[in-house]
Amino acid sequence: STTQVVTRIKILSKIMAALRVLLVFPLLAALRVEATGKCNKDIINKILASNNCPFGVLAKLSNMGVFTQAVLPTVEVSDAVDCFSGFVYPPFGPFARARANIFFKDTSLRMVNYYQQEQSCGQLIESYEGGQYNIYFLNIDDTSATYYRCVDDENAVGEDFGGCVIPVSKAQDPAAKAAIASCKQTLADVG
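Note that this note's numbering numbers the sequence shown so that position 103 is 103, with each residue one more than the last.
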C-alpha cells in the first residue's frame with residue numbers, strides 16, 4: 001500500500017542519513033576509472049581476465065536487499081545529492097526490475113525504475129530512460145559488489161565509472177569496511 005511505501009522510505013531515509021556519515025562522505029575521494037564516455041575495452045578485458053566469470057549476479061544483488069553506494073563516482077554525483085540506495089527485485093530468468101532512490105540535500109527524493117538483463121561472466125545490460133548501459137562486475141558476494149559501468153549507446157548519457165555497493169543491513173559490519181577497501185584497490189587495478 002502507499003502508506004507502507006511512505007513508511008519504508010522514511011525509515012530508509014533515516015538509515016541512509018546515518019550511512020552517509022559513516023560510509024559515503026569519507027569515501028568521496030571517489031573512484032573514477034579513466035572516463036571516456038564510452039566503454040573502455042582495455043578495462044573490460046582486464047575485468048574479464050580477473051573476475052572468475054561470476055554468474056547469478058542478479059540473484060546475488062537481489063539477495064543483498066536494500067544496498068547503498070559505499071564508493072560514489074564523482075563524475076555521476078552532483079553537489080545536490082545526499083545519498084543513494086537501491087535494490088533489485090527477484091530475477092525472472094536472466095531479467096530483473098530494479099529501483100534506485102536518489103536522496104537530495106533539499107530532502108527531495110527521485111526514484112528511478114530500470115530493467116536489467118544478465119549476460120555472461122558478470123555482465124549486465126541496464127535499460128532506463130531510453131538508454132542502455134553495460135555493467136561489469138569485478139566481484140560480488142553477500143558483503144559487497146564492485147562494478148564498472150559504461151555506455152556505448154548514443155541514446156544514453158553519462159560517463160563510465162567504477163563503484164561499490166554494500167547492503168544497508170551490513171553497513172556496520174567490519175567486513176563491509178574491508179570490502180570497501182578491497183573495492184577501491186580492485187578498481188584501481190583495472191583502470
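Because the hints were derived from the structure by calculation, they are not lab data. Everything numeric in this text was worked out from a predicted model, so none of it was measured. Here a beta-carbon is modelled for each residue, glycine too, at the ideal position from N, C-alpha and C. Be aware that a few hints might be false.
[To be verified] Calculated lysine-lysine pairs in the DSBU-like style (CA-CA distance at most 30 angstroms, straight line): (1) Lys-170 <-> Lys-60; (2) Lys-184 <-> Lys-46; (3) Lys-170 <-> Lys-184; (4) Lys-46 <-> Lys-60; (5) Lys-41 <-> Lys-105; (6) Lys-170 <-> Lys-41; (7) Lys-170 <-> Lys-105; (8) Lys-60 <-> Lys-38; (9) Lys-184 <-> Lys-38; (10) Lys-170 <-> Lys-46; (11) Lys-60 <-> Lys-184; (12) Lys-177 <-> Lys-60; (13) Lys-41 <-> Lys-60; (14) Lys-46 <-> Lys-105; (15) Lys-177 <-> Lys-46.
[As the list claims (entries may be wrong)] Quick list of the computed label-pair ranges, beta carbon to beta carbon: (16) Asp-106 <-> Ala-59: 13 to 23 angstroms; (17) Thr-107 <-> Ala-175: 11 to 21 angstroms; (18) Asn-45 <-> Ser-108: 12 to 22 angstroms; (19) Lys-38 <-> Thr-107: 31 to 41 angstroms; (20) Thr-107 <-> Cys-53: 19 to 29 angstroms; (21) Pro-90 <-> Ser-120: 26 to 36 angstroms; (22) Ala-49 <-> Ser-108: 37 to 47 angstroms.
Exercise. CA of Lys-177 to CA of Lys-46, is that 30 angstroms or under?
Worked result: Distance ~24 angstroms between Lys-177 and Lys-46 Cα, so the pair holds.
For this session: Please work out if Lys-60 and Lys-38 have their alpha carbons no farther apart than 30 angstroms.
Result: 27 angstroms, holds
Exercise. Can the restraint linking Lys-41 and Lys-105 be considered satisfied, given a maximum Cα separation of 30 angstroms?
Worked result: 36 angstroms, violated
Problem set entry | Satisfaction of hint between Lys-60 and Lys-177, Cα-Cα up to 30 angstroms | This hinted pair holds, its Cα atoms lying about 19 angstroms apart.
Exercise. Taking only the CA atoms, is the gap from Lys-41 to Lys-60 under or equal to 30 angstroms?
Worked result: 25 angstroms, holds
Problem set entry | Given pair status - Lys-41, Lys-170, alpha carbons within 30 angstroms | Since the Cα atoms of Lys-170 and Lys-41 sit roughly 33 angstroms apart, the hinted pair is violated (cutoff 30 angstroms).
For this session: Given the hint that Lys-184 pairs with Lys-46, test it: the Cα-Cα distance must not exceed 30 angstroms.
Result: OK: Lys-184 and Lys-46 at ~15 angstroms, within 30 angstroms.
Problem set entry | Cβ separation of Pro-90 and Ser-120, checked against the hinted range 26 to 36 angstroms | 20 angstroms, violated
For this session: Given the hint that Lys-46 pairs with Lys-105, test it: the Cα-Cα distance must not exceed 30 angstroms.
Result: 37 angstroms, violated
For this session: Starting from the hint 31 to 41 angstroms, judge whether the C-beta atoms of Lys-38 and Thr-107 obey it.
Result: For Thr-107 against Lys-38, whose Cβ atoms are near 35 angstroms apart, the range 31 to 41 angstroms holds.
Problem set entry | 30 angstroms limit on alpha-carbon distance, applied to hinted pair Lys-46 and Lys-60 | 22 angstroms, holds
For this session: Please test the hint of 19 to 29 angstroms on the beta carbon pair from Thr-107 and Cys-53.
Result: Since the Cβ atoms of Thr-107 and Cys-53 sit about 42 angstroms apart, the hinted range of 19 to 29 angstroms is violated.
When held up to the earlier numbered hints, the structure conflicts with 5, 6, 14, 16, 17, 18, 20, 21 and fits the remainder.
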